[in-house]
Amino acid sequence: MLAQVAGRIFWMSRYLERSESMARMVNAYSQLIMDLPRGAELEWSTLLNIFGVEDTFRSRELYLTEYSVMQFLIARINNNSSLKYSVKKAQENARITRTVLTEEVWETINELQIYVNEFSDRSVSRKNRYLFLDEVVGRCQMVNGLMITNQCRDHVYRFSKVGHLLERIDLNVRTIDTLSYATSGSANRDNAFDTLIWAGMLRSLSTLGMYRRSVGPMVDAQSAINFVVSEETLPRSTIFCLKSIRSAILDLKNNKGLLRVVDSAIRSVGNFNASKMRSKKSQQSIARLYNFSRKFTEEATKTLFLPRQT
Amino acid sequence: MKEQWIKYAPRDFFDELLTSNSNPRIAARALVKYFKGISSEEMEQRANAARLAIRDMGVSFSLSSKGEDKERPWPFDIIPRTIGSQMWNEVALGLKQRTKALNLFIDDIYNSQNILRDGIVPTNVVLDSPNFKTACSGFTPPYKAWANICGTDLVRDETGRFLVLEDNLRVPSGVAYMLENRDVTKRILPELFRNYSIVPVDDYPLKLYQMLASLSPRKIRRPVIVLLTPGIHNSAYFEHAFLAQSMGVELVEGSDLFVDKDNYVYMHTVDGSIKIDVIYRRIDDEYLDPEVFREDSMIGVPGLMRSWKAKKISIANSPGSGVADDKLIYSFVPEIIKYYFKEEPLLPSVPTYKCSDPNELKVVKRNIKNLVVKPTDGAGGKGLLIGPNSTTTERAKFKRLISKSPRKYIAQPTLKLSTSPTYIDQQIKPRHLDLRPFILTGSKSWVTPGGLTRVALKEGSLVVNSSQGGGSKDTWIVDEGT
Numbered sequence: 255m256l257a258q259v260a261g262r263i264f265w266m267s268r269y270l271e272r273s274e275s276m277a278r279m280v281n282a283y284s285q286l287i288m289d290l291p292r293g294a295e296l297e298w299s300t301l302l303n304i305f306g307v308e309d310t311f312r313s314r315e316l317y318l319t320e321y322s323v324m325q326f327l328i329a330r331i332n333n334n335s336s337l338k339y340s341v342k343k344a345q346e347n348a349r350i351t352r353t354v355l356t357e358e359v360w361e362t363i364n365e366l367q368i369y370v371n372e373f374s375d376r377s378v379s380r381k382n383r384y385l386f387l388d389e390v391v392g393r394c395q396m397v398n399g400l401m402i403t404n405q406c407r408d409h410v411y412r413f414s415k416v417g418h419l420l421e422r423i424d425l426n427v428r429t430i431d432t433l434s435y436a437t438s439g440s441a442n443r444d445n446a447f448d449t450l451i452w453a454g455m456l457r458s459l460s461t462l463g464m465y466r467r468s469v470g471p472m473v474d475a476q477s478a479i480n481f482v483v484s485e486e487t488l489p490r491s492t493i494f495c496l497k498s499i500r501s502a503i504l505d506l507k508n509n510k511g512l513l514r515v516v517d518s519a520i521r522s523v524g525n526f527n528a529s530k531m532r533s534k535k536s537q538q539s540i541a542r543l544y545n546f547s548r549k550f551t552e553e554a555t556k557t558l559f560l561p562r563q564t
Numbered sequence: 068m069k070e071q072w073i074k075y076a077p078r079d080f081f082d083e084l085l086t087s088n089s090n091p092r093i094a095a096r097a098l099v100k101y102f103k104g105i106s107s108e109e110m111e112q113r114a115n116a117a118r119l120a121i122r123d124m125g126v127s128f129s130l131s132s133k134g135e136d137k138e139r140p141w142p143f144d145i146i147p148r149t150i151g152s153q154m155w156n157e158v159a160l161g162l163k164q165r166t167k168a169l170n171l172f173i174d175d176i177y178n179s180q181n182i183l184r185d186g187i188v189p190t191n192v193v194l195d196s197p198n199f200k201t202a203c204s205g206f207t208p209p210y211k212a213w214a215n216i217c218g219t220d221l222v223r224d225e226t227g228r229f230l231v232l233e234d235n236l237r238v239p240s241g242v243a244y245m246l247e248n249r250d251v252t253k254r255i256l257p258e259l260f261r262n263y264s265i266v267p268v269d270d271y272p273l274k275l276y277q278m279l280a281s282l283s284p285r286k287i288r289r290p291v292i293v294l295l296t297p298g299i300h301n302s303a304y305f306e307h308a309f310l311a312q313s314m315g316v317e318l319v320e321g322s323d324l325f326v327d328k329d330n331y332v333y334m335h336t337v338d339g340s341i342k343i344d345v346i347y348r349r350i351d352d353e354y355l356d357p358e359v360f361r362e363d364s365m366i367g368v369p370g371l372m373r374s375w376k377a378k379k380i381s382i383a384n385s386p387g388s389g390v391a392d393d394k395l396i397y398s399f400v401p402e403i404i405k406y407y408f409k410e411e412p413l414l415p416s417v418p419t420y421k422c423s424d425p426n427e428l429k430v431v432k433r434n435i436k437n438l439v440v441k442p443t444d445g446a447g448g449k450g451l452l453i454g455p456n457s458t459t460t461e462r463a464k465f466k467r468l469i470s471k472s473p474r475k476y477i478a479q480p481t482l483k484l485s486t487s488p489t490y491i492d493q494q495i496k497p498r499h500l501d502l503r504p505f506i507l508t509g510s511k512s513w514v515t516p517g518g519l520t521r522v523a524l525k526e527g528s529l530v531v532n533s534s535q536g537g538g539s540k541d542t543w544i545v546d547e548g549t
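Line by line, the protein sequences are chains A and B.
For the first sequence, the positions run 255 to 564 when our numbering is used.
For the second sequence, the positions run 68 to 549 when our numbering is used.
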């Protein structure tokens, strides 16, 4: 497979995963806000923090309101993390690589972009938002399903899988870190609703049902974080994603640097302790996991995606 | 829709949302303002969205008619019903008191029978009841909690006070619909939540799980809990599956379980037999154990009573709890509360005439036109006579029935049940409703914030059961301080 094509498949998948998880997260967060009474609210800035865009938001928008945050996250094309932008980039990458994709995958991604273009502006208000985002999640999942059932286990499959897994790891660490920061400390906070918040977190990562069957219906911060980071059987957990990335790159030539990055991240998960989130060791692990996607992408770009200069 | 709301006339019933001059009550202000402000197209759109959501989520109930089971979509009215949190806290205290007293009563009946000896409740009333199970005598479950899940039906009279209509202590249902109602409302009317502090309801599965876990004979970190269902043809199957999934426990049928020679209960799994600690059973007593009750029961577990009496398994609700789930016992509840607690009941009951008492039987026959006559062992709103709506023939028939089997009937005055604005045929109309909160009792007791509101969709009708064409509403306990 052409080096550049591999890179584009990788990025197409990262953007698809980003679109799906943003849609799901915004819906879960909105549902959560409806249940939290005055005094126990989470800030809208917390949602911005999960996506790492609070600073960008504050530099561009004047008011921090539900509407402006939603508009920024869903419909603003000048925000590199918005849903609209992610879907556009996914489609662009798919278009350039459509010759290596199946027709159904290309069409589904293309139709997703048409849908988001047409409806994102009017889906910012509470009234329309839920169904729109639900539809976006569904279409992204369709692409996943098509890949899994129809794609030969070739390089396309491999780099697509790696791209998805990388984004998942990224969102996991940002969600856990942001939420545990937001629910800690402040004496004015009413901790009685923390269960709702952490259950909402699990829901946003599509893991609440599995958590209930594995751990039980009680959702506390520690167990929830532990499940999402370290549960070996959960396909969305950080450790599962890291190990899957590892096996996906194992038979690539030139993978030594990549393996080193992945193995270091796997060790960080080992050092992570959900019951001591603020400890030095755990904070170090979190920092390493934050940097993982950047380091991996840099290494992959260097060793795999850039056409070799002779 | 503004004119609809202005024209809305509660007449001489207590209306949940509006006062007699059609002004919104405090807890309902933002709600009414919102509904006044939307167009009729918008309203119809929301109602359709609700129907779609319910269809997509698979919220259904089944109705057996003419021998076939039909899955019907859950009939949901989009206008919520509001109750202020202060009022609700008082009601919750009353419910806890009542449930505690009933549990003490059940425990007494199966043990020392002091309340019978002291003549507070006539012996034959209790021991002649088909729900009194001799197999349960001499036993006490953990915390003396027999009816771990109680669904107590409440109504409101024309003064707005809450009255207890009925206690359901065997296998009360409806809680899953309460949870789904809130889910649907959040989806189709999310803007409403902005201006309110509404107490969330979705910690019910957690509270239920904790209560069940507290009953486990084995004191282990994660007791094995199962939900025992009669199967997919049961009208409440949706709820069985919903609750099992929400709690993360196994949904089992009788054939998945067996009782071993050691009197422990096990479930068949691909990894071998696993011992279980607590069964949340949604099967009637009569079908629970063919060794003790109906021997033709195909849905029970042979030997279950053996295991229960040996304290190797806990069952919620305990077999035999139905002895207090009887409209005749209901009429003695105020005395029961006074007997065990030396307190007045915090929550009043609907005044009730016992046909089993010869004097009261005379009163009932004389006033049958103004009374509701109910079979003591009835369910689903069937087999009752609503005096004011009845024909001479129907009244004559009932006079014969109650004379022939007086213990089988009680009578209550027709109540001026409260109403609430309901969306019917694209208009806002008052319809009567009731409320079923759920009370959980294990090592602690807990009351749902609100409960399942059931509304009679037919004008003037007082029958709210879904099997008879009733609908339901989301119930909001509103923090009035906000």
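These are computed hints drawn from the structure, not numbers from a lab.
It cannot be assumed that every hint is accurate.
Result set (PhoX-like, lysine-lysine): computed pairs, CA atoms no more than 25 Å apart in a straight line [as the list claims (entries may be wrong)]:
#	chain 1	residue 1	chain 2	residue 2
1	B	Lys-436	B	Lys-483
2	B	Lys-103	A	Lys-381
3	B	Lys-211	B	Lys-167
4	B	Lys-100	A	Lys-381
5	B	Lys-274	A	Lys-381
6	B	Lys-163	B	Lys-211
7	B	Lys-449	B	Lys-475
8	B	Lys-432	B	Lys-379
9	B	Lys-274	B	Lys-436
Here is how each hint holds up against the structure:
Under the criterion of a C-alpha separation no larger than 25 Å, the hint pairing Lys-436/B with Lys-483/B is consistent with the structure, at around 15 Å. Annotation: proposed proximity of Lys-103/B to Lys-381/A holds, straight-line Cα distance about 17 Å (limit 25 Å). The hinted pair formed by Lys-211/B and Lys-167/B meets the criterion: a straight-line CA distance of about 9 Å does not exceed 25 Å. Note on Lys-100/B and Lys-381/A: the hinted pairing holds, with a Cα-Cα distance of about 17 Å set against a maximum of 25 Å.
Between Lys-274/B and Lys-381/A the CA atoms are separated by roughly 31 Å; this puts the pair beyond 25 Å, and the hint is violated. Pair hint Lys-163/B plus Lys-211/B holds up; C-alpha atoms about 14 Å apart against a cutoff of 25 Å. With a C-alpha separation of about 14 Å, the suggested pair Lys-449/B and Lys-475/B falls inside the 25 Å cut-off, and the hint holds. Taking the CA atoms of Lys-432/B and Lys-379/B, the gap is near 50 Å; set against the 25 Å cutoff, the hint is violated.
Among the hinted pairs, Lys-274/B with Lys-436/B is inconsistent with the structure: their alpha-carbon atoms are about 44 Å apart, more than 25 Å.
Violated hints for the displayed structure, listed by number in ascending order: 5, 8, 9.
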